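Asks: Using the sequences and the hints, build the whole thing.
For the record, the sequence lines run as chains A and B.
Sequential numbering of the first sequence, starting at 1, is according to the working numbering.
Sequential numbering of the second sequence, starting at 1, is according to the working numbering.
There is no bait here: all hints are sound.
Residues from chain A shown here face chain B by an in silico Cβ test under 10 Å; the list is partial:
{"no.": "1", "residue": "T59"}
{"no.": "2", "residue": "S134"}
{"no.": "3", "residue": "L135"}
{"no.": "4", "residue": "G217"}
With a straight-line cut-off of 30 Å between C-alpha atoms, the simulated DSS-like cross-links for lysine-lysine are:
{"no.": "5", "chain 1": "B", "residue 1": "K9", "chain 2": "B", "residue 2": "K229"}
{"no.": "6", "chain 1": "A", "residue 1": "K2", "chain 2": "B", "residue 2": "K229"}
{"no.": "7", "chain 1": "A", "residue 1": "K136", "chain 2": "B", "residue 2": "K128"}
{"no.": "8", "chain 1": "B", "residue 1": "K9", "chain 2": "A", "residue 2": "K136"}
{"no.": "9", "chain 1": "A", "residue 1": "K202", "chain 2": "B", "residue 2": "K229"}
{"no.": "10", "chain 1": "A", "residue 1": "K136", "chain 2": "B", "residue 2": "K10"}
{"no.": "11", "chain 1": "B", "residue 1": "K161", "chain 2": "A", "residue 2": "K2"}
{"no.": "12", "chain 1": "B", "residue 1": "K229", "chain 2": "A", "residue 2": "K136"}
{"no.": "13", "chain 1": "A", "residue 1": "K2", "chain 2": "B", "residue 2": "K128"}
No lab work stands behind these hints: they were computed from the structure.
Bear in mind the structure is a predicted one, so any value in this text is a computation, not a measurement.
Just so you know, even glycine gets a beta-carbon here, dropped at the ideal spot from N, CA and C.
Next come the chains, spelled out residue by residue.
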Amino acid sequence: MKPALSVIFFTVLAGAGYGLWCLMGGALALGVYPPGRGNVLGPLAIGFVFVSVGLLSSTLHLGRPGRAWRAFSQWDSSWLSREGLAAMATYLPMFAVAGLARGEHEFIPTRVAGGILCLCALATLWCTARIYTSLKPIAAWRDPRVLPLYLLFGLLSGGLWLWAYLAFNPGLLAGPFALALLALAAIAAGVKLAYWKVVDAKPADSAGHATGLETLGSVRPFEGPTTEGNYLTREMAFVLARKHAHALRRYAVTLLALVPIAAIVLILIWPSTHVWLAPLAAVSCVLGLFVERWLFFAQARHAVAAYFPVQQG
Amino acid sequence: MTALPPPSKKKLGLVIDLDTCVGCHACAVACKEWNDGGQFGPLPDSDPYGADPVGVWFNRVHTYEVAPHDANSIADARPGSFQASTSNVVHFPRSCLHCETPDCVTVCPTGASYKRAEDGIVLVDEDKCIGCQLCAWACPYGAREISLERRHPAQTGRPDKRGTMQKCTLCVDRIYNETLDEEDRQPACVKACPTRARHFGDIGDPDSAISKLVAERGGYDLMPEFGYKPVNKYLPPRPRRDGSHMPAPMLQGETVDPARLPPLLRWLDKVLSR
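Replies: Dropping the structure here:
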């Protein structure tokens, strides 16, 4: 599939924003969030920028961005429609949390709003993943690891930004949150490696299968329908990435998991390094996710590609 | 609207005969021409006379080499060898199959992509489509292509972006069009086919001519595992008289069987072979 930058930008940035809101809302609901009004408003604002820039970027993928509002209408069948609604709905508890933040987070309405924010953000991440997992012609996206990966990457990248912000408040650094992020990074990287292993083993669809002529013999595309490419060959049969896939996968895992893990471990040992190591981990993770998401599109094979002649060599 | 309607009794569609299709592309050209001027047109190309022309076609004809499993492929044949190829060439027109349960309709976030309850034709409402392309991603048959141009470039000096999804309409603006002669109320591709490899009718009616044709010739669905239940059917190439799918060799090659020669030539062969 053609890796559209607008969609990659959206899924990575908005994913981080919703992951951040989800963790923060959950911590508020459980009453374990560190006190202080700024500790709430600061990360909320970071999430707001990520989510809003991401959503605006996603409209650039549309042929008619001006009609984007129509996408809210078909929630009964379309995951894209559900995602749009969930994305808009999540702004409500986000503003509620911002308005209710008082410094001490024992206030029950704050905790309720935090809980709703957590669930709405998680639902949006879920819907985004379901858009891809519901597309039957793209086998690599039907894999059962795709949905958990979207959630894990959202929580990991968002969590690192939340942690980077809180790191500037002495005393909040160590402890369960850092360990949870370590675990998230390790699990996410492990699941992604397993995903690549499984996806690589899937055979490509053949022309014989696509045309139904395989019962008569071995089928080879002899001539395409036109001498030039067309929308289908440009959109669905993108092959550039496969050449450099292994190098790009190494960069992705290094940036999204190994660098953050190393940074967290170093900060736990020498807390004074947090000032520059914690933001470095957050930025590195997002950069790694850009590479990961680019590969997610570029390496995915669409069933329709089997109809077309493949350039040899 | 994006939800699928209950299954219709009437299932209009095409039956394509891969045995008689000669790959002339007349169906594709007739389709492009009708839909450039019909109710859903125009259907202009980007950069039509430039270095990188690209445009929407609702119907595209592919060509495949089908080599029986024990035969030589064209690719394997040695240059100059008369034992070149025992494989067949099959021409394969590809267009929307107007599936009974297609995901291209249900993934649409706006309701622009819909299936008609009365006859099962799958259409795009141009005025509602936002061009998200999810429907094209959901279709394994490559039935949908996005249109970038709205008008023919010569008509407008400025960029005029259309940005909406296009697809085969089964010539819904022909088949019900009472201003046309009854004989012409068929899809343009069917009317244009010089070998009658394309048939139009109601697959939902078991007594219709095309339903009988499908039953008689073993018409099949493309990639049924997706569960979209295509309405259009493909008729497989017929086997040869000897029951195989291998074309009869037309030249004997370099080997000569003296036993099959007339007596004079047999004698000559014997003399010259000394």
